[in-house]
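Those sequence lines, one after another, are chains A and B.
Taking this note's numbering, the leading residue of the first sequence gets 99, the next gets one more, and so forth.
Taking this note's numbering, the leading residue of the second sequence gets -8, the next gets one more, and so forth.
Warning: the hint list may mix true and false statements.
[What the hints assert, rightly or not] Below, a list of computed lysine-lysine pairs in the DSBU-like style, where the Cα atoms sit at most 35 Å apart: (1) Lys201/B / Lys277/A; (2) Lys428/B / Lys411/B; (3) Lys381/B / Lys150/A; (4) Lys150/A / Lys379/B; (5) Lys411/B / Lys150/A; (6) Lys261/B / Lys150/A.
Hints in this document: simulated from the structure, not taken from any laboratory.
All values reported here derive from a predicted model rather than from experimental measurement.
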Amino acid sequence: MIRFIARRVVSLALTLVVASAIIFLALEVVPGDPASIMLGVNAQPDTIAALKEELGLNVSRPARYFNWVAGMLHGDFGISYTYRTPVRDMIADRILISLPLAVYALLLSTAIAFPAGILAATRRGAVADVSIMGSTQLGIAIPNFWFAIILVAVFAIKLQWFPAGGFPGWQDGFIGGIKALTLPAVALALPQASILARVMRSSLLDTLGEDYIRTARAKGLTTRQSLWRHALRNALIPVLTIIGLQFSFLLAGAIIVENVFYLPGLGRLIFQGITQRDLIVVESVVMLLVFAVVMVTFIVDVAYAAVDPRLRKR
Amino acid sequence: MFRRICSIVAFAATFAVSAVQAAQTDITIGMQLEPPNLDPTAGAAAAIDEVVYANVFEGLTRFASDGSVKPALAESWEISDDGLTYTFKLRSGVSFHDGSEFNAEDVKFSLDRSRDENSTNAQKQLFESIETIEVAGPHTVVITLSAPNGALLFNLAWGDAIIVSPDTFDLAKTEPVGTGPFKFSRWVQGDRIELEKNPQYWGTPARLDKVTFKFISEPTAAFAALMAGDVDAFPVYPAPENLAQFEADPRFKVVVGSTEGETILSTNNKQPPFDNKLVRQAVAHAINRQEIIDGAMFGYGTPIGTHFAPHHPAYKDLTDDSAYDVEKAKALLEEAGFEDGFETTLKLPPPSYARRGGEIIAAQLRQVGINAQISNLEWAQWLEQVFKGKDFGLTIVSHTEPMDIGIYANPDYYFQYDNKDLQDLIAALTLEPDDGKRTDLLQQAQQIISADYVNGYLFQLAKTGVANAKITGLWENSPTQANDMTEVYWEE
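Work out the full structure: start from the sequences and follow the hints.
Okay, structure coming up:
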C-alpha cells in the first residue's frame, strides 16, 4: 500500500509540474501585454516602459516561470498586475463564494437525484419512471444560463424572493449569503441532478439484476429490504465517481452562471483576468484548480485501493 | 384608558408613516466594468474615474456636467500676459479624508509625480508643457510653462490630474484618500465599492449618505438587477435594446445624453488602397450613418462629419461633405482604378457599437464592391494588432477622450495620417490662449480632416442610462467618464 501511495505521489507531482509549464506557456503566447492595456491608447511609450519595469515584466520568461513556481511552493501566488493586491488574498475572497456555491449545488443535486433515481429504478417502466426520465432529459438539454435567467425573471423580478444577483459578503450575515447563492445553486444543480439521477437509475438497475440480489430475495428478504441492504450500497460506486467529477466541474465551471448572477467567484476572476491580461491571476487560479482536481483524483484513487486490494497492482 | 391607547396608536402610526416617507439617502449605481484600482493617476480604465472622479478625488479644476471647466481646489487663478505663468490661489480650510490639511505642497507633489520621468500616468501628455511647479505660499501655487498652452486649465480638470497627499498617495489604488464630498468606505472585490458622505466637505455637502457602485457585466443581468430593484440606476446602460421597455415603465426613466465618444471607421491611411484619398472618399460616401445608428444603437447617437463632439460650441456640421451616395462612391472608386472593388480587413473590438456597426458597414461597403473581411478581436488583441501593430485596413472604435482632435497631428498614431498643414495648425492651437481664435483654429482643423476623409466619421456615442424615476441630479451628459454623485438625491 505504501509503495502504491508513493507511486501515486510521484505521478501527482509530475502532473503538477507539466500542468504548470503548459499553463505558463499557453498564457505567454497570448497576444497583449498587461501594461499597455492598463494605460490605454493615449499612453506614451516611456510610460508603458516604466510600468513594465514596475510590474516586473522585463524579467526573462524562464526566470519569471521559476519565480512563479518557487513562490507558489511557499504559498505566495504573486501580485496581481491590475489590482496590485496579492493574488492569494483575491483567491481567498473568491473561494469563499465558489466553494460554498459548489457544495450547495452538489447537495441540491444529490438531494434531488437520489430519490428520483431510486424511484425510477424501482418503478421501472411505470409512470413514475417514464416521467422522471423525461424530466431528466429536459434537465440535461436546458442550458443552465438560460435556466438561470428564467429563475431570475420569476423569483427575483416577479416574486422578489431572492436578489437578482451579486453577493453581500459573509460578514453581512449567513442568511443573506445563502439567499444570494440559492438561485445560482439551483441553476447549477438542475443539469447535474439530471445526470446523476440517470446514473443512479441505471446503476441500481444493474445491481438489482445481480445474482446476490436474487440470493437475498431467495433467503426471504422483501424487494425493499434487498434494495436498501444490498443493491443500493453496490450501486453507489459509480454514482460517487460522478459526484467527484461534478464537484470539480462545479468549482471551476460555474463561469457562465457566475456571470448571469454577477457573483464574484473564481470563474469570474479568471474571466476578468483574461480580458485584462492579468496573466499572473489567470495562471495562479488555473493552477489552483488543477491542483484541486488532481488532489480529488488522488484521494479517490487511494480510497479505492484501500477498499479494493486488487486495484493496488495497477 | 381607551383614549390613551388611541393616542399611542395614533402616535405610533404617524411615526411609522413618517419613517416610510423620509427620503432615501442611499443609492446603488450599476456599472458594467469593475475598476482595476482606484487611482486615476495610475491607469486608463474609465471605471476608475466613474467611481472616484468628483466623488473622492478633486483636482485644481474640474468638469461640470455641461463640459465646461470650473474651479475646484483652486479658488481662482491669474494668467500672465505672455501666457506662461499661472498663479493658482488654492481654497483654504480643505482637508483630506484622513484629517490632514490640504495645501500647496500637495499640489506640487501630485503634479510633479504625474509628470515625472518614471511616472505611470496614462495621460502624461497633459502635463507636457509644464516647466516648473512652485509653492509660493501655503495656498498659492505658480505653474510655469515652457510654451503657452491654451488647454492647461482643461487638462488639469482630467481625472489623471487629481490632487493626492504625499502621505496617502500610495493607498490610492485600494483605499483612496481624497478631498471630495464622499469618503471611500469599503471595496468587496468583484462585487461592489461603497462610499460614504464626507461631513467635513469644503463645498456644498452631498445629499446622499451612502453610495454603492455595483459591478454587473452581463447585459441581461443588468436588466434583471434594475427590474428587481437591486440597482437604482445604471448611468451607462449596456443594452440599448431594452431601453424602450424601461421607457414604457413608470417606475423608471431613461436618461439620454451626449458623450465625448466620436465613433469612427478608422482607416489605415498608409495601407493601400487607403493611401489614396479617392478611395477614402468613396468609403465615406458608401456609409449610411442613420442606418448604422438605427441598426446598431437602436436610434441613439448623433451623426458626425468630422472628429468633434456636436455639443461643443466649436463644432462644425460637415456631414454633408460625406453624405450617403452609392453612385458617387462607385464613380470615385472607378476614378481611383478600383472599378471591380477590392478586399480589405475590418477588425472589430468587443463593444456592441463596433460589432453590430461593423456588420452593417460591411454590408454597405459590399454595395460599392468593397469586400471587408470582418474579424472580431478582444481589447487586448485590438491594442496589439491594430493600435500598436497598425495591421489593419479598417476598424471601428469610439474615441472617448474629450477634445482629442490633436491625435490627427501625430503621424505615428494608429491610423497614420500625416499632414503638415494640420500639424502646424494643432501646434498653433496649443499655443493659443484666446477662446475666439481657438474656436476658429478648431473649426479649420475639423474642416481639414473632413476634406481629407481621414476616417469614416459615423456618430457621436450617446450616453443612455436608466434610473429609478425618483432619482434626481444624475449627470445627463458625459464630458468625462464620471458619476458625480454630489447633487444626486431621491425625490419624496
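Structure-based check of all given hints:
Using a Cα cut-off of 35 Å, the hinted pair lysine 201/B and lysine 277/A holds, with the two alpha carbons roughly 23 Å apart. Between lysine 428/B and lysine 411/B the alpha-carbon distance is near 20 Å, which keeps this suggested pair within the 35 Å criterion. This hinted pair checks out: lysine 381/B and lysine 150/A have alpha carbons roughly 22 Å apart, not beyond 35 Å. Proximity of lysine 150/A to lysine 379/B is assessed by CA-CA distance (about 16 Å); at most 35 Å being required, the pair is judged to hold.
At roughly 34 Å between alpha-carbon atoms, lysine 411/B and lysine 150/A fall within 35 Å of each other, so this suggested pair holds. Between lysine 261/B and lysine 150/A, the direct Cα distance comes to roughly 30 Å. Compliance with the 35 Å bound is thereby established for this hinted pair.
Of the numbered hints listed earlier, not one is contradicted by the structure.
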